[in-house]
Amino acid sequence: MRNIWIICRKEMKSYFASPIAYLLMAFFALIFGFGFFTATRDFVRFGFMAEMQGRNMPMNVNEQVIRPLLGFASTVALFLVPMITMRLFAEEKKTGTIELLLTSPVYDWEIILGKWLGALLLYLCVLAMSGINIALLFAFGRPDWKPILVGYLGLILQGGTLLAIGAFISTLTKNQIIAGGVTFFVCLLLWLLSWFTAFDSTGYGQVVNYLSIVTHFEGFAKGVLDSKDVVFYISMIFFGLFITSRSMESLRWRA
Amino acid sequence: MIKVQGLTKRYARTVAVDNISFEVEKGQIVGFLGPNGAGKTTTMRVLTCFLPPTTGTATVAGFDVLENPHEVKKHIGYLPETPPLYPEMEVTEYLTFVGKLKGISSADINRRVDEVTERCAVGDVRTKLIGKLSKGYRQRVGLAQAIIHNPDVLVLDEPTAGLDPKQIIETRELIKHLAGDHTIILSTHILPEVEHSCQRVVIINQGKLVATDSVENLTNRLRGAESVALEVASSNGPLDPAAVQQRLEQVSGVSRVLPREVRDGRLAFEVESLQGRHIRADLARAVVNAGWNLNELRAVGLSLEEIFLQLTGGEKKDAPAPVQEPATK
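Chains A and B supply the protein sequences, listed in that same order.
Residue numbers for the first sequence follow our numbering, so the first one is 1 and each next one is one higher.
Residue numbers for the second sequence follow our numbering, so the first one is 1001 and each next one is one higher.
Isolated chain A, as found in the complex (with noise of 0.2 angstroms):
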């Protein structure tokens, strides 16, 4: 546990020693104050309509802001993780401090999991910076927790999935910039999966549907908290750092 800490510690330093961590946070805070702008500026308008129209229409500040703005944050985060996750062993690999880490005593697991969860708290921090957006709801009006607190749980679960999968990629080159490239490539194809599979209602189409990391957080996103999903993300997230200490270790018969 001692050894998964420092090497967590060592990955967040890395991290923040570099332009990368505050980059991040910052492209995440412009396009989520975007959408937030977006969706409680149409949230207002449509109210004005409804009012003017003297209809009584049912409004939800959960339902019509803060779900979509998941959703949006969910697509963003794509867009995240090969940034975070591309050089998690690439550069070890590239500069030879690969060699300090497998020759010092610690596991194998105790490196990959230390890692991981040193790019999941760089990937919380981000998220982190939504949570400016969701004060002012709170502050402006009174949206319900709950499905806010489902949301974000669905948020980290993806994340840590995606995160798990890059790191895998990035086990298998010395190079960032292909790390990153395969690495939002495939999380791209993850996300289109949905796409190409939503009307297909054939045994196939329905098993490359749950495949998809979208489908499974758009219960998230409406604030349901539904066993299945969230056993598909910790699978996932056990998949592939199962596939990426397989990786570490044919690393030392390749090498």
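I should point out that these hints are in silico values taken from the structure, not numbers from a laboratory.
One thing to keep in mind: the hints can contain errors.
Distance windows between CB atoms, simulated [stated by the list, open to error]:
| no. | chain 1 | residue 1 | chain 2 | residue 2 | range |
| --- | --- | --- | --- | --- | --- |
| 1 | B | H1177 | A | P19 | 33 to 43 angstroms |
| 2 | A | K146 | B | L1066 | 49 to 59 angstroms |
| 3 | A | K146 | B | D1124 | 50 to 60 angstroms |
| 4 | A | L30 | B | S1105 | 52 to 62 angstroms |
| 5 | A | I132 | B | T1054 | 52 to 62 angstroms |
| 6 | B | P1087 | A | G181 | 17 to 27 angstroms |
| 7 | B | T1054 | A | L30 | 50 to 60 angstroms |
| 8 | B | E1118 | A | L121 | 30 to 40 angstroms |
Footprint (simulated), chain A over chain B, 3 or more residues, beta carbon under 8 angstroms [said to hold, decoys possible]:
| no. | segment |
| --- | --- |
| 9 | 1047 to 1059 |
| 10 | 1086 to 1093 |
| 11 | 1096 to 1107 |
A virtual CB, placed ideally from N, CA and C, is assigned to each residue, including glycine.
Based on these hints, arrange chain B on the given structure of chain A.
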């Protein structure tokens, strides 16, 4: 302390290390010698559990590298060819990180970091970013990293590569100082380094073990005879090289005379003695009695370099053939 038996490491197409066996006693400094690409780094990586051997075994401090890598890693400090440094960290921060990774408790870590920074003379850059350090400092931080957990065995892969002469001397001194508490394996392709700091040499070439012995034994065994550099000039008129050579060959105890160069009337020779004979005095007398000027007379020991080239079948074609006479014991 270190025992390697029948170690072979095969990569996809090449055999990097081929059936190597050697042993290292506790407290020794062993030089691992070989040309580039001989398999030094691969062997070291096997010892440090970075790579698993294809066949054969290696044990460090009594633990097998395949069966008990975790224990081996605890007992070994490793400085790879390029020091494994994180440029974005400060020196103390980095050493603290490595120390903790090597299992030093939080209570001891600051004391250990202070100790190794002092020992490796990196105290004056302790708050600097590693990325801003010069090559010499980086190497020393790398060394500090390797000894931070006070390991029984130190594996140093070309510890002086790329340093300036002063730094090389400092690093050698440092390694010598470390010798008492640690068993050290250092690889190099620079021979004086082995002569300076090592007690034993393991020479490998193209993945095969060529020789393993103590430095003195190896030099003695291969030297066999004395070799003398001689320069003769004439006081009046040009000299006939053939005549001089003939005269030198007549001196008792000389096994052969090799003409080296002729430069404005001065003739240089390399004279080799028979086993165990001292010929310098007789040579000098012979030259002077013949009425020539003796410009230079100096013993050239067969350097480790020549031994190395002989053993590895190097390019020096006219080097004396290894051990013609049976070595006296």
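- request: Kindly confirm whether 33 to 43 angstroms is satisfied by the beta carbon distance between H1177 of chain B and P19 of chain A.
  value: With Cβ atoms ~42 angstroms apart, the hint holds.
query: Within the segment 1086 to 1093 of chain B, is the number of residues with a Cβ closer than 8 angstroms to a Cβ of chain A three or more?
result: Result for this restraint: holds, n = 5.
task: State whether the coverage of the segment 1096 to 1107 of chain B by chain A holds or is violated, taking the criterion as 3 or more residues with Cβ-Cβ distances under 8 angstroms.
output: holds (count 6)
message: A range of 52 to 62 angstroms was offered for this pair. Does it hold for the Cβ distance of L30 of chain A and S1105 of chain B?
response: For S1105 of chain B against L30 of chain A, whose Cβ atoms are near 44 angstroms apart, the range 52 to 62 angstroms is violated.
task: Using the beta carbons of E1118 of chain B and L121 of chain A, state whether their distance is inside 30 to 40 angstroms or not.
output: holds, 35 angstroms
- prompt: Is it true that I132 of chain A and T1054 of chain B lie within 52 to 62 angstroms of each other by Cβ?
  reply: holds, 57 angstroms
message: Within 50 to 60 angstroms: is that where the Cβ-Cβ distance between T1054 of chain B and L30 of chain A falls?
response: For L30 of chain A against T1054 of chain B, whose Cβ atoms are near 53 angstroms apart, the range 50 to 60 angstroms holds.
message: Tell me if the beta carbons of K146 of chain A and D1124 of chain B are separated by a distance inside 50 to 60 angstroms.
response: holds, 57 angstroms
query: For the segment 1047 to 1059 of chain B, does the count of residues with a C-beta closer than 8 angstroms to a C-beta of chain A reach 3?
result: That given contact holds, which follows from 5 residues of the segment 1047 to 1059 of chain B lying within Cβ reach (below 8 angstroms) of chain A.
query: Do K146 of chain A and L1066 of chain B keep their Cβ atoms within the hinted range of 49 to 59 angstroms?
result: holds, 53 angstroms
query: Honestly, do P1087 of chain B and G181 of chain A meet the 17 to 27 angstroms range at C-beta?
result: Since P1087 of chain B and G181 of chain A have Cβ atoms about 24 angstroms apart, the given range 17 to 27 angstroms holds.
The structure does not agree with numbered hint 4 stated previously, though it agrees with all others.
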